[in-house]
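Got chain A; can you put chain B on it based on the hints?
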Amino acid sequence: MTNMEFSPAIDQLKLFIDGICPLPRAQWTEMAAAWQPFTAKRKTVLTKTGETENYLYFVTEGVQRAFYLHENDKEATIVFTYPFSFSGIADSFLTRRPAAYFLETLTASSFLRTSYVQMQDLMNKYHEVQTLFFKATAFAMAGVLERQIELQCFSAEEKFRILFKRSPHILHLIPHKYLASYLAVDASTFSKLLSTVKI
Amino acid sequence: MQHNSNQLLDKLYRQTSSFMDEAVQRWQMMPAQQFSLQPSPVQWSAKQCLAHLNSYGDYYLPAIEAAIRKARQKKKKVSTVFTTGWLGDYFTKMMQADSNGQPLKKIKAFKKYVHSNNEEGDKVIAVFIDQQEKMMELMEAAREVDLNTTRAGISIAPVIQLQLGDIFMFITAHNHRHLCQAKRAAGIYSDGLK
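So the sequences go chain by chain: A and B.
Here the first sequence is numbered in the numbering used here, starting from 5 and rising by one per residue.
Here the second sequence is numbered in the numbering used here, starting from 369 and rising by one per residue.
One should not assume that every hint holds.
Straight-line Cα separation of at most 30 Å, DSSO-like style, residue types lysine-lysine; simulated pairs [as the list claims (entries may be wrong)]:
1. B:Lys379 with A:Lys78
2. A:Lys45 with B:Lys444
3. A:Lys52 with B:Lys379
Simulated restraints, written as ranges between beta carbons of each label pair [stated by the list, open to error]:
4. A:Thr48 with B:Tyr481: 28 to 34 Å
5. B:Pro399 with A:Gln124: 47 to 53 Å
6. A:Val201 with B:Arg382: 41 to 47 Å
7. A:Ile166 with B:Glu512: 39 to 45 Å
8. A:Lys52 with B:Lys491: 37 to 43 Å
9. B:Glu505 with A:Glu65: 19 to 25 Å
10. B:Gln441 with A:Pro12: 45 to 51 Å
11. B:Thr448 with A:Asn128: 46 to 52 Å
12. A:Lys129 with B:Thr451: 58 to 64 Å
Source of the hints: derived by calculation from the structure; they are not laboratory data.
All residues carry an ideal CB built from backbone N, CA and C; glycine is no exception.
Only chain A is shown next, with the shape it has when bound in the complex (with noise of 0.2 Å):
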């Protein structure tokens, strides 16, 4: 990748941190210089189970996808990540356990990625950058409970219109097996719904 295309990433990186937590210019610059362009190939395993993640990813072209592998293989749809918002698998990331589900790519992806030991170092020098993984990790619980709550309380229908409502552009994007998974419903409802929702 070129520095011309390396550089609306950065802008686009930026965005997204200022929209969290934004950071005195000398510490932006050193956060910038930690991250390096990345891509994979569609149907690439970024994290395996077992592995622990050490890297965090901006993605800026494609969607991933984590998913949780229980034994006879059957399997569970935890998140999909698209432009442009952070990847990897974010627990394993923060607590240095093993991940306990993949990372893919569904799509040929593009991302800028850092470590965690750069992510470390920013945090041991600088308070403003612990409060921006305090706050991103904040969010991203929030985020987690609330699809809890969907998930044990909402209807096949309103977990399908949450989603659309949400993120409505992932329909053409994603195949429907993997969207029928992550609302917990099985392929036939999920196009059922499809045909007979008005969005």
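Chain B alone, transformed into the frame defined by chain A:
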């Protein structure tokens, strides 16, 4: 005809990837009625076209996977050049469509690969998507084996063995042919295809 093995796989992978993109962006979003539309009582709907391709995938994907597994165990030397065989070449040419996506030659499908228009459309699409995913995985895995000496039997007569490179080429051509037909049936004329 000779091909650089990796470049050939790149090309076939890109084509399969575009079939996959179309399936995700177009086929899985299409209303059931449009997907089952037959241009005339004797012509297939888009659904029948995809079901036809799936029934070939049902045979070839496991056959290719087994062939690759076997070749890996033997650890044969991988040639950077792939030379098409005469029979493989014949099949690929037979499947080819012209630049407008029209078949160059009419072929009557074998009976067991002809599907009625009554199957459930969402299942047909889901299988098609799974198969394209699998096919791309196999094309990647094929980089570690020899496309000339790795062989698998053809669906209509498994005793006839074709080179893996030929199989990839004619399946991709076959997919392209019937996806163009499916687009015509569903009344879609994008990508300059008619």
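Hints and how they fare:
For a cut-off of 30 Å, the pair hint linking Lys379 (chain B) to Lys78 (chain A) is broken: about 33 Å separates their Cα positions. For a cut-off of 30 Å, the pair hint linking Lys45 (chain A) to Lys444 (chain B) stands: about 27 Å separates their Cα positions. Among the hinted pairs, Lys52 (chain A) with Lys379 (chain B) is consistent with the structure: their alpha-carbon atoms are about 29 Å apart, no more than 30 Å. One distance hint, 28 to 34 Å for the beta-carbon pair Thr48 (chain A) and Tyr481 (chain B), holds here, with the actual separation near 33 Å.
The beta-carbon spacing between Pro399 (chain B) and Gln124 (chain A), approximately 52 Å, falls within the hinted interval of 47 to 53 Å. A beta carbon spacing of about 35 Å between Val201 (chain A) and Arg382 (chain B) contradicts the range 41 to 47 Å that was offered as a hint. Taking 39 to 45 Å as the suggested C-beta distance range, the pair Ile166 (chain A) and Glu512 (chain B) conforms, at roughly 44 Å. Separated by about 30 Å at the C-beta atoms, Lys52 (chain A) and Lys491 (chain B) break the suggested range of 37 to 43 Å.
Here the CB-CB span from Glu505 (chain B) to Glu65 (chain A) is close to 21 Å, well matched to the stated 19 to 25 Å. For the hinted restraint 45 to 51 Å between Gln441 (chain B) and Pro12 (chain A), the CB-CB distance of approximately 47 Å keeps it satisfied. Separation of Thr448 (chain B) from Asn128 (chain A) is about 50 Å and conforms to the stated range, judged on CB atoms against 46 to 52 Å. Checked against the hint of 58 to 64 Å, the pair Lys129 (chain A) and Thr451 (chain B) passes, with Cβ atoms roughly 60 Å apart.
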